Amino acid sequence: MTAPSLNEIAKRMSDAARGAGWPLGLAQDLGQAAAWLSSQGGDGVGVAMAALGAKPDPVEARQDTPGDWQIGLAPAGVAGPAALDLVLAGEGPVSLALTDAPDLVLALAGYASAQTGQTLVLSGALTATVTSGALEGAPHRAPEDKILRLSLGAPGVIKPAVQPRRAPDDATWAQAGALAAKTLVPATAQSRAFGAGAGAVDGDD
Amino acid sequence: MDEFSEAGGGLAPMRMPAQVMRLSRMGASFPTRLSFLRVLMRRLHTDQVVVTRRLWEMSDEGYGRAVYTLTLGGHTYALVALSHHLPPEERTDRVIAEKWDATFALFDGIPTHDDLDRLGANVPLQEAGRFTSRELVLSRANRSVRLFAHVVDALAAGHQPDREKLIETGYLMRTTAVYGNGKFGIADRSEIAARPGLEIAFQAEMLTVWLIRAFTHDLVEHLAVAQAPDRAARLSDENKRILGIGNATGLGMAPFLVTHPELTHAWVHARETALARVRALPRATPAQRAGFAAALDQAMAHADSWSVEDQIQMVRIQELRGDLLGIQALTGTGSLSGPKPWEGLLLAASAYGLEAQECLVSVVLEPHGGLIDDLARTMQTGLPPRLDPSMTLADLSRLIREAYDWALKIDFERPDETHQFWYVSEDKSEPRLGIRAQEPGAELESPLDIARQVQELWRRVHEGQPEDRVAAFLMRHPEERHVVTRVQSIAHHPYGEIRDNLIGRACRPIDLLRFKLAFFGATRFDPKSDRWTRITLCQGAPLTTDIATANPDDWALWSPISEAA
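As you go down the protein sequences, you meet chains E and W in turn. Per our numbering, the first sequence runs over residues -8 to 196. Per our numbering, the second sequence runs over residues 1121 to 1685.
In isolation and in its complexed conformation, chain E is listed as follows (with noise of 0.2 Å):
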């Protein structure tokens, strides 16, 4: 296939994730995320699709010494996000323990830092900087620790570099297009007919 557009990515994961089930709010960071990581290269489609196999229940943060929060066992999808809060309401750093892959969080990091301007800093699990929605270096991976840290950096500013785009894997896509399918109503006459508001006399001039 051709590889996607961004927005295409933004707006079929987040479809995917309302077709999980996801509340709309976490549907929309995770499909901005997928997008944001796509821009820099990385696998967007995939990261999020592997975050939508979990259940987006509540969380709960927790401090054991004040200004060191601490979140999970949780799911990235939704540990994320909420971290993320904590982080740049300035509560302090984040501990997270996540069920599924760090990957997820440096995504909606990455949006979150271009939104905001902030810079984030990932590290344990995933070592990242992303300052001002560009991402600094490559993310190094530490799958023997378990613990993923997320906390505010030096503000800074950045120009994203421009990646090509890239076509995600055939079968992840076609199962988020899925997914996604699961928001759609079937059509029926009526719905054709009417939900258009169009009838059958529409082109006879």
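It should be emphasised that the hints constitute simulated quantities derived from the structure, not laboratory data. Note that the structure is predicted; figures quoted are calculated from it, not measured. Backbone N, C-alpha and C define an ideal beta-carbon position, used for all residues, glycine too. Be careful, since some hints might not be right.
[Stated by the list, open to error] What the simulated footprint calls covered on chain E by chain W, stretch by stretch (three residues with Cβ under 8 Å from a Cβ of chain W suffice, anywhere in the stretch; the number is not a length):
hint, stretch
1, -5 to 2
2, 10 to 24
3, 42 to 53
4, 60 to 73
5, 80 to 87
6, 105 to 118
7, 177 to 183
[Claimed, not checked] Which bits of chain W does chain E cover? Going by a derived footprint, with three or more residues having C-beta under 8 Å, they are:
hint, stretch
8, 1250 to 1263
9, 1299 to 1306
10, 1547 to 1556
11, 1592 to 1604
[As the list claims (entries may be wrong)] Some chain E residues flagged as far from chain W (calculated, every beta-carbon gap over 12 Å):
hint, residue
12, Pro57
13, Ala92
14, Arg140
15, Gly144
Please build the complex by placing chain W on the supplied structure of chain E, with the hints as guidance.
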């Protein structure tokens, strides 16, 4: 005081969102000099753009391909036009159509033969094709069969077509979709948003439409010459100006306004700031008064020539005609020579109908280009803002109370308030509207029920502690994340929310369509139901052959009557 109640430095009080963002008023919108087509014409003129027909490979039956190129802001663009045979029984303007009389792509650069072959295989398929970031816009159009045939026959007979027939229809083809921003693999908006000439929303789409119009003019001339090579006439420039591009627009356009609140705010804020600047003027110069009078004459002629079958709209047009006469009488008393003339006029005109009030906004802005045209640059946005997780629930509650008081008053226990539901059909992902009590699919309802969502958030927020922060609240209630984001954003983008219940029985989607189309620069709204409309774009606009020399602003609310005068 905020800017909506008072502002100094050359800005009168702006109209409040609660006044402007109501469906009834949105459904009376008129294009202004800040509409996207108007902005594009000024830019093309300033850049002295030259359009070249670089390729014309067309059979005697009018089937084949053409390429038009131009350079804008240092970038070259090409309209690739493909003309096809379409059996009459397959001609439909619905999104669910699969064949069209003509299909188009706006290409980034000059296409090679390989590009043309690739586009030739994919562009006719539209949604079913696959595209690359070299394609910026994708579109298709159907002929206005009766007028198209008449024009070809007349030209082939060596004379100009019947002017009345041209005026009656107003276009040779109507587009049924104009896709941008990454659809089906074409370039994302972010890839071109910084380019000179394309910074403002929908400029690439409007450029495409304007070039399609030129193609339709060329196509009828080609067919006439093919029929009668020794006798065929060329379509006069005067008649080409009459012929814009039609458009059939359905519900697909409506959800965009709800899902892009920051962009909607930017458009309306620009227009309302323009109006506030004009209202603040202490005096009107003779040139401004003359410009206003000319624009009002043009608007009156436009209203006189605007006639539709839809009874609701026709009643409004008739009221508009009378109201504009009243407004003209108001200004004939020398009132524009007094202090704060525009403020006084707009105040006096508030007694008239909404069509007249909004038409007057357009007319009042017209002679003030030097004062307001810079605002076009603000009619775009970047990424939507992220939610503020540090906000307390007390502050969130206050935002809801201030910005959504209208939503909190709706009684959703009443069946009328949930009468309709929006959904996306599996038919080409077409947005549709259903009757909740009669049709299946409500469980897959699209989230356009903003007022209802805000009520639910309001309840949840008041279950929490006032000092709790949004970050903690959303951990407990991830299902409220999108609506919290929206409420917080609307606090900074108050023109971004439509202050009506979009699932209530009283909601007429046609109002949303007209509002958006007016920002595009559309005229001659011709509702065919409460869910779809035909409109005309580019009617009266400069041609590709005279854009460098013509006045790019002399076609506001263009009408054939004022043209003849």
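We went through each hint and held it up to the structure:
1. Given as covered by chain W, the stretch -5 to 2 of chain E passes the check, having 5 residues with a CB less than 8 Å from a CB of that chain where 3 are the minimum.
2. Counting residues of the stretch 10 to 24 of chain E whose CB lies closer than 8 Å to any CB of chain W gives 6, so the stated coverage by that chain holds, three being the minimum.
3. Counting residues of the stretch 42 to 53 of chain E whose CB lies closer than 8 Å to any CB of chain W gives 5, so the stated coverage by that chain holds, three being the minimum.
4. As drawn, the stretch 60 to 73 of chain E meets chain W at 3 residues by the rule of a beta-carbon pair under 8 Å; at three or more, the given contact holds.
5. Check result for the stretch 80 to 87 of chain E against chain W: holds, 3 residues qualifying (beta carbon to beta carbon below 8 Å, three or more required).
6. Under the rule that three or more residues need a Cβ within less than 8 Å of chain W, the assignment of the stretch 105 to 118 of chain E holds, with 3 such residues.
7. Proximity of the stretch 177 to 183 of chain E to chain W, defined as three or more residues with a beta carbon under 8 Å from a beta carbon of that chain, is established by the 6 residues found.
8. By the rule of at least three residues with a Cβ nearer than 8 Å to a Cβ of chain E, the coverage given for the stretch 1250 to 1263 of chain W holds, with 5 such residues.
9. For the stretch 1299 to 1306 of chain W, the stated coverage by chain E holds: 6 residues have a C-beta nearer than 8 Å to a C-beta of that chain, and at least 3 were required.
10. With a cut-off of 8 Å between beta carbons, the stretch 1547 to 1556 of chain W has 7 residues touching chain E; three or more are needed, and the interface restraint holds.
11. For a cut-off of 8 Å, the count of residues in the stretch 1592 to 1604 of chain W with a CB near a CB of chain E stands at 12, and the three-residue condition holds.
12. Listed as a non-interface residue, Pro57/E keeps its Cβ farther than 12 Å from every Cβ of chain W; the least gap is roughly 15 Å.
13. No beta-carbon of chain W is positioned within 12 Å of the beta-carbon of Ala92/E; the least distance is around 20 Å.
14. With 12 Å as the threshold on Cβ separation, the claim that Arg140/E sits away from chain W holds: the shortest Cβ distance comes to roughly 17 Å.
15. No Cβ of chain W approaches the Cβ of Gly144/E within 12 Å, the least distance being about 17 Å, so the stated non-interface status holds.
When each numbered hint is compared with the structure, no violation occurs for any of them.
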